[in-house]
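Build out the structure end to end from the sequences listed, making use of the hints.
Quick note on numbering: the sequence shown equals residues 981 to 1581 in the numbering used here.
Please keep in mind that the hints were generated in silico from the structure rather than gathered at the bench. From the three backbone atoms N, C-alpha and C, an ideal C-beta is built for every residue, glycine too. Hints are supplied without guarantee of correctness; some may be wrong.
[What the hints assert, rightly or not] For each label pair, taking beta carbons as the anchor points, the in silico distance ranges come out as: (1) Ser-1515 / Ile-998: 25 to 35 angstroms; (2) Asp-1540 / Glu-1385: 16 to 26 angstroms; (3) Ser-1460 / Ala-1575: 26 to 36 angstroms; (4) Arg-1144 / Lys-995: 51 to 61 angstroms; (5) Lys-995 / Ala-1437: 14 to 24 angstroms; (6) Pro-1027 / Asp-1155: 17 to 27 angstroms.
[Stated by the list, open to error] List time: in silico DSS-like cross-link candidates among lysine-lysine, alpha-carbon distance up to 30 angstroms: (7) Lys-1320 / Lys-1216; (8) Lys-1294 / Lys-1033; (9) Lys-988 / Lys-1353; (10) Lys-1350 / Lys-1250; (11) Lys-1543 / Lys-1412; (12) Lys-1216 / Lys-1033; (13) Lys-1037 / Lys-1294; (14) Lys-1578 / Lys-1512; (15) Lys-1037 / Lys-1216; (16) Lys-1159 / Lys-1216; (17) Lys-1382 / Lys-988; (18) Lys-988 / Lys-1314; (19) Lys-1453 / Lys-1420; (20) Lys-1436 / Lys-1314.
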Amino acid sequence: MRLVANMKRDFVFMKRLIRILRRIRPVSPDSPNLVCDDFEAAATRFPSQTAIKFEGKSLTYQQLDTMANRYAHWGRQRGLKAGDTVALFMPNRLEYLAIWIGFNKIGVVTALINNSLTGNGLAHCINISVASLTIVDQTTRPCFQDIESQVERHQALWVLDLPREDETENCRSLDAALKGVSTVRPDRQLRANLTASSTALYIYTSGTTGLPKAAKISNARAQLYMKAFAGLTNMKPDDRLYCVLPLYHATAGLCAVGAALMNGATLVLKRRFSASAFWNDVRGEGITHIVYIGELCRYLVNSPPAPNPEDETKHKVRMAFGNGMRPEVWDHFKARFHIKEILEFYGSTEGNVSLFNLDGHSGAIARVPKILKKSFNVRLVRFDVESELPDRRPDGLCYECKPGEIGEAIGMIAHDARHAYSGYADKAASQKKVLNDVFKKGDQWFRTGDLMRQDKAGYLYFVDRIGDTFRWKGENVSTSEVAEYSASAPGVEEAIIYGVPVPNHDGKAGMAAIVARDGFDLKTFKNHVDAKLPSWARPKFVRMLQEVETTGTFKYKKMDLIKVGYDITLTSDPIFVCHGDDYVPVTAEMISDIANGKLRL
981 MRLVANMKRD FVFMKRLIRI LRRIRPVSPD SPNLVCDDFE AAATRFPSQT AIKFEGKSLT
1041 YQQLDTMANR YAHWGRQRGL KAGDTVALFM PNRLEYLAIW IGFNKIGVVT ALINNSLTGN
1101 GLAHCINISV ASLTIVDQTT RPCFQDIESQ VERHQALWVL DLPREDETEN CRSLDAALKG
1161 VSTVRPDRQL RANLTASSTA LYIYTSGTTG LPKAAKISNA RAQLYMKAFA GLTNMKPDDR
1221 LYCVLPLYHA TAGLCAVGAA LMNGATLVLK RRFSASAFWN DVRGEGITHI VYIGELCRYL
1281 VNSPPAPNPE DETKHKVRMA FGNGMRPEVW DHFKARFHIK EILEFYGSTE GNVSLFNLDG
1341 HSGAIARVPK ILKKSFNVRL VRFDVESELP DRRPDGLCYE CKPGEIGEAI GMIAHDARHA
1401 YSGYADKAAS QKKVLNDVFK KGDQWFRTGD LMRQDKAGYL YFVDRIGDTF RWKGENVSTS
1461 EVAEYSASAP GVEEAIIYGV PVPNHDGKAG MAAIVARDGF DLKTFKNHVD AKLPSWARPK
1521 FVRMLQEVET TGTFKYKKMD LIKVGYDITL TSDPIFVCHG DDYVPVTAEM ISDIANGKLR
1581 L
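Dropping the structure here:
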């Protein structure tokens, strides 16, 4: 029986691997074929098929292409040319994809900015993109106008849904400007000098330096994402993909979009995730595929059972694909909601490591069989937690991890489409992610910043993020950025920020260890961080330190703080948890409720 199971597993693995390779084979950095060319080919093939459905409205492939053409011609009228950048700061909506696909048709780069950002973080993202104009809608316009004075390059603000009578000199109606603009496909000569190695998008990722970095996504890299998932999911024109994730992230904006739109299927897009509406939408829309991040799945399995069990199980879903599904959620999610297949993947936005769990092994992010090891560019190297660097042998090279050992995942850098490393808009930040002289002198590898372990069968399991960045609510949280804002609160002498694991939650919850001065007040502190930080970055716990221990090099001993976490039995320091609108003292009962899943953060 075990032999039969292994043979079946290997067959599924090879079938899906071949399917991926067939789809991505044409992708080459030197090709003149860009993302928009792939989309135009799909629009030509499936003109009357519904491409996107959103809040009761829909666009066929031909209508989406027509809308994209209009944005392309409008961009040309505004003087945009190949290599220029436009900042797109909007929530999910029907026009989102048409905007960046349209700009891609004229070689313009689109910076996809997190629509939850405010303040310095938002200004920073716009500034590092070197955007020449910003597009918003009425929901994000106030946030942009709050930081407009911090934007280094003066630019007009173009707003969707803005009535013509509300226009000002520096706040223009995009709807009005688009009227009468040509809908024919722009001449390919406008992008004739570009290749797939040219940048298509900036997608932002949080690093350890505090503020988001702009990862350069070349056309080739975007095509690899999109075509790989088109092959993996094997969607057909009558399939429908449900997407509640934000389009400014690669998981939704490239993987999900590619899975649907490269296959002639329909993308059913929502503005945001709602656990209570999820399965009603899935049933009502005839959904066949779901895209997820781990926290979404955890929310669903922790939600109360529907009064009628069939409300959660009587659907057409054949596959859920995404990243971050924790092992403790996997089997529960699959069994409770009757999901036939779960396809987990791993990929860093800025890097060159892409991994897939092709045979659905519970809890793993991927499998690299020994016989195919040379075909994959990923390796695990021994890691020193104190120095936060890979261990080096006496000859200066790195140790490759043995099965069961935890190490940092790295990806060999080469100049082909699959293994190229584009990095960030910031060249210095890009170079910090490169590891030299790993297995031989002169080789270069991309550092993922993630710790993993691999078992004897070749399955890879995610362990944790390295350093000062942790994940919460599906977002990367930079401790230095949170520390900066926390330390600027009234009465704060020092603020040490770290993530602590919490049962029944994905990622780690933020915790602030505070050294206070006279005048410190928890309510004032909460109001301060709420005003400065997005919801996922705000500290969930606060520990009031009576003294701070540092290392010989004056670094805070974060590991000691992390070990204690919010366990009030391990310290005499007062610890508080964010509950409702206030920080309240942590009690033994609360710790029990968190452990049992009764108290959600």
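Right, here's what the structure says about each hint:
Separation of Ser-1515 from Ile-998 is about 43 angstroms and departs from the stated range, judged on CB atoms against 25 to 35 angstroms. The hinted window of 16 to 26 angstroms between Asp-1540 and Glu-1385 holds, with their beta carbons roughly 25 angstroms apart. The supplied range of 26 to 36 angstroms is met by Ser-1460 and Ala-1575, whose beta-carbon atoms lie about 30 angstroms from each other. At about 55 angstroms, the CB distance of Arg-1144 to Lys-995 agrees with the hint of 51 to 61 angstroms.
In this structure, Lys-995 and Ala-1437 meet the distance hint of 14 to 24 angstroms, their C-beta atoms being roughly 18 angstroms apart. Distance hint for Pro-1027 and Asp-1155: a CB-CB separation of about 25 angstroms, consistent with the stated range 17 to 27 angstroms. This hinted pair checks out: Lys-1320 and Lys-1216 have alpha carbons roughly 17 angstroms apart, not beyond 30 angstroms. Using a Cα cut-off of 30 angstroms, the hinted pair Lys-1294 and Lys-1033 holds, with the two alpha carbons roughly 22 angstroms apart.
Distance restraint check for Lys-988 and Lys-1353: the Cα-Cα separation of roughly 20 angstroms lies within the 30 angstroms cut-off, and the hinted pair is therefore satisfied. Between the alpha carbons of Lys-1350 and Lys-1250 the distance comes to roughly 41 angstroms, so the proposed pair goes past 30 angstroms and is violated. Distance restraint check for Lys-1543 and Lys-1412: the Cα-Cα separation of roughly 28 angstroms lies within the 30 angstroms cut-off, and the hinted pair is therefore satisfied. The suggested pairing of Lys-1216 with Lys-1033 holds, with an alpha-carbon distance near 16 angstroms, which does not exceed 30 angstroms.
Straight-line distance between C-alpha atoms of Lys-1037 and Lys-1294 comes to about 25 angstroms, which keeps the hinted pair within the 30 angstroms bound. Distance check on the hinted pair: Lys-1578 and Lys-1512 sit about 29 angstroms apart at the alpha-carbon level, within 30 angstroms; holds. For the suggested pair Lys-1037 and Lys-1216, the alpha carbons sit about 21 angstroms apart, so the restraint of at most 30 angstroms is met. Proposed proximity of Lys-1159 and Lys-1216 is contradicted: the alpha carbons are some 34 angstroms apart, above 30 angstroms.
For the hint pairing Lys-1382 with Lys-988, the CA-to-CA distance comes to about 27 angstroms; that is within 30 angstroms, so the pair holds. About 19 angstroms separates the Cα atoms of Lys-988 and Lys-1314, which keeps this hinted pair within 30 angstroms; it holds. The hinted pair formed by Lys-1453 and Lys-1420 fails the criterion: a straight-line CA distance of about 39 angstroms is larger than 30 angstroms. Among the hinted pairs, Lys-1436 with Lys-1314 is consistent with the structure: their alpha-carbon atoms are about 25 angstroms apart, no more than 30 angstroms.
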